[in-house]
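Chains as they are written, first to last, in my numbering: chain V, -4 to 564; chain C, 40 to 172.
Where hints are given, some of them may not hold.
Said to hold, decoys possible - Lysine-lysine pairs mimicking DSS-like chemistry, simulated, CA-CA at most 30 Å apart:
#1 C:131 <-> V:271
#2 V:244 <-> C:105
#3 C:131 <-> V:244
#4 V:244 <-> V:337
#5 V:338 <-> C:111
#6 C:111 <-> V:271
Stated by the list, open to error - Listed next, the stretches of chain V that the computed footprint assigns to chain C, with coverage defined by at least 3 CB atoms under 8 Å from CB atoms of chain C:
#7 14 to 27
#8 199 to 213
#9 247 to 257
#10 339 to 348
Just so you know, these hints were derived from the structure itself, not from any lab. We treat Cβ as the ideally placed atom computed from N, Cα and C, and that holds for glycine.
Listed below, chain by chain, are the residues.
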Amino acid sequence: MAGLASAFGSGAMTNSISEIADARVIFVVGSNTTEQHPMIAMHMLEAVDRGATLIVADPRKTQIAAFAHTHLRQRSGTDVALLNGIMNVIIGEGLVDINFVRRRTENFDEFEKVVKRCTPEVAEKITGVAASDIQRVARIYATEKRSMLFYSMGITQHVTGVDNVRSCANLVMLTAHIGQPMTGLNPLRGQNNVQGACDMGALPDVYSGYQKVADAGARKKFESAWRRKLPSAPGMTMIDMFDSAREGKLKAMYIVGENPVMSDPDTSHVVEAIRKLDFLVVQDIFMSETAELADVILPAVTFAEKDGTFTNTERRVQKVRRAVRPMYGAMPDWKIISELSKKMGYEMGYRAAHEIMEEAALLTPVYGGILHHRLDAFGLQWPCPDADHPGTSFMHRKKFAKGLGTFNPIEFTPPEETTDMAYPFILTTGRLYFRYHTATMCGRTATLEREEPECFVEINPKDAGRIGIRSGNSVKAVSRRGEIVVKAFVTDRTPEGIVFIPFHFREAAVNLITSPAVDPVAKIPEFKVCAINLVPVIPKPGERPKNHYNRKEDLKILNELYEEPEVPS
Amino acid sequence: MEKVSTICPYCGCGCGLYLHVENGLITGVSPSAHHPVNHGSLCVKGWNSHEFVQHPDRLKYPLVRKDGILQKSSWEDALDLIASRLSGTREKYGPDAIGILSSAKCTNEENFVMMKFARAVIGTNNIDHCARL
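Build out the structure end to end from the sequences listed, making use of the hints.
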């Protein structure tokens, strides 16, 4: 989101899902949309049925790529070069919306200098995408009026993640595909309420509504509302926290509904950091790899047992309603935290979720009119500044949130880790249709669990032939940090030299081997590029793949502790 | 049978769905026909989004580690322990020795409360969540 914020002044999907079906060009970069956002893909395919052109840029031949009119298979980590190549064509062929660039943006000249150097031929050398394809895509995207650009983790999970996002922002500004319906720059957010967690200020540098903690005015507002002096220096990101814990500086952590042992890069370092903590609290609905290391575990409730709101990827704030009583002895997270605050001498005094939203609305300009009683139909899309505002379906209409949109000149820089003789393959990680994140939820849904019970590595037939493996063989994936054993799945979905492993599986936690390199600004780990080697494994009879995660005896003890579930009447 | 209108807990699409409730138990899911995102459809995760709610593995009571082993505890004792340990850490090492991770699975209200807890109660800006993963 840092990338978008620096270009437009606000980080969220600029347009709406319901506009997709009427678009003429749909350009998807680094998103496995049909598998990860199936209902958004449904709108995209409807647009294709109505005659829209679908362009997908992804090294893997994902399902959405199979539907595409044009599939650009750039090398992993070369997105900036690809986008610069496209913009070079747009500038060179006079397809720039000069009027828009002059009136609404700044810093175009600096940006033009950098892009001028990246001709389609230069881009072809870096990305492996033919110059003629780059030219064709540039023309299609720029000449249609209703062109929507989408991106997801394929763009952000790189050391150049912020650069990638800024390049996308440059592209939409160059062609004026923003501030109108059926256009825009649209990040597809992975988790149900990741947009809301950002909006509500669960970030080290901002309060709710992206009001900076370093800004004295914003701080004063929150200080007077909360009657406490608040710190002015931005805090640590999750990755910094684990680094700091490893150095022994961070002493205690309180983790709610997260499983960083599984989801973070370089798992063994995270475990080492957590073991160094004096005190760890984990609050979750299930036992997780992280909770096993905790000093205190608190049982929270699921979405079906509480009231509240989620904000989806198109900024739509929608009501979540309690369907059943909290199961067993669990409590909603907001209640647990208010109880704890009381014990620590600060009375929050909330009686229901809507009271919290009333306070948030008072303190958060973009959520000013978001109140529970207004959300009954299909919610409201922020910015919604007051109680009469109907919500905003597309943003940046007359001007950008920060005034003028800023062009950022971005040079291509290669990924942190490159292949060599010892580690000849590029590993890219991702997700599967039937699975969700670290599988704490879907792993306990029998219908989903049976579909993809095992971890695998996708490998191109040519590479598989070279190292002598077939589909179904066990293979050891080794990086500079660790190794895991997975089943091989030979397919031309991945191009030569690139292999893909999904990150959902505990038995083969791919984050044992991923690179800890992060984007310097946004601190997103580079999950999409790391150098590995693949070695065929010949198992001894009766041997099962080893569990690499250093698991304690806790789980066994816990299982004994559990009684039979009482079914609430 | 009662149908409760709510939002799918899986991805960022935010599809509208109904949970079917019978005798205090969730028995199924059906999509919202006119919802602007899903128009009466759901993906496989959405159709099965109720299953994990009533799974017997759900954590049922607070657990506190004593002598290296996690043991059953009451809410009162667990919260007292957390309050005293966090206050102790803050006094000894300062508020910035405490880090808080909120969750993209929690509601807006809960994230707001977590942020308030970190900033107003603990006094640190060390709060983050897993948006980057």
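Given the hinted pair residue 111 (chain C) and residue 271 (chain V), is their Cα-Cα distance within 30 Å? With a Cα-Cα distance of about 24 Å, the restraint between residue 111 (chain C) and residue 271 (chain V) holds, given a limit of 30 Å.
Given the proposed pairing of residue 338 (chain V) with residue 111 (chain C), does the C-alpha separation stay at or below 30 Å? Holds: residue 338 (chain V) and residue 111 (chain C) sit about 20 Å apart, inside 30 Å.
Given the hinted pair residue 244 (chain V) and residue 105 (chain C), is their alpha-carbon gap at most 30 Å? holds (24 Å)
Has the given pair, residue 244 (chain V) with residue 337 (chain V), been kept, meaning a C-alpha gap of at most 30 Å? holds (27 Å)
Count the residues of the segment 247 to 257 of chain V with a beta-carbon closer than 8 Å to any beta-carbon of chain C: does the count reach three? holds (count 8)
At least three residues with a C-beta closer than 8 Å to a C-beta of chain C: is that true for the segment 14 to 27 of chain V? violated (count 0)
Per the coverage rule (Cβ-Cβ under 8 Å, at least three residues), is the segment 339 to 348 of chain V covered by chain C? holds (count 5)
Straight-line alpha-carbon gap residue 131 (chain C) to residue 244 (chain V), limit 30 Å: holds (12 Å)
Would the pair residue 131 (chain C) and residue 271 (chain V) pass a check requiring their Cα atoms to be no farther apart than 30 Å? Holds. Residue 131 (chain C) to residue 271 (chain V) sits at ~17 Å (cutoff 30 Å).
Taking 8 Å as the C-beta cutoff, is the stated coverage of the segment 199 to 213 of chain V by chain C satisfied by three or more residues? That given contact holds, which follows from 5 residues of the segment 199 to 213 of chain V lying within Cβ reach (below 8 Å) of chain C.
When each numbered hint is compared with the structure, a violation occurs for hint 7 only.
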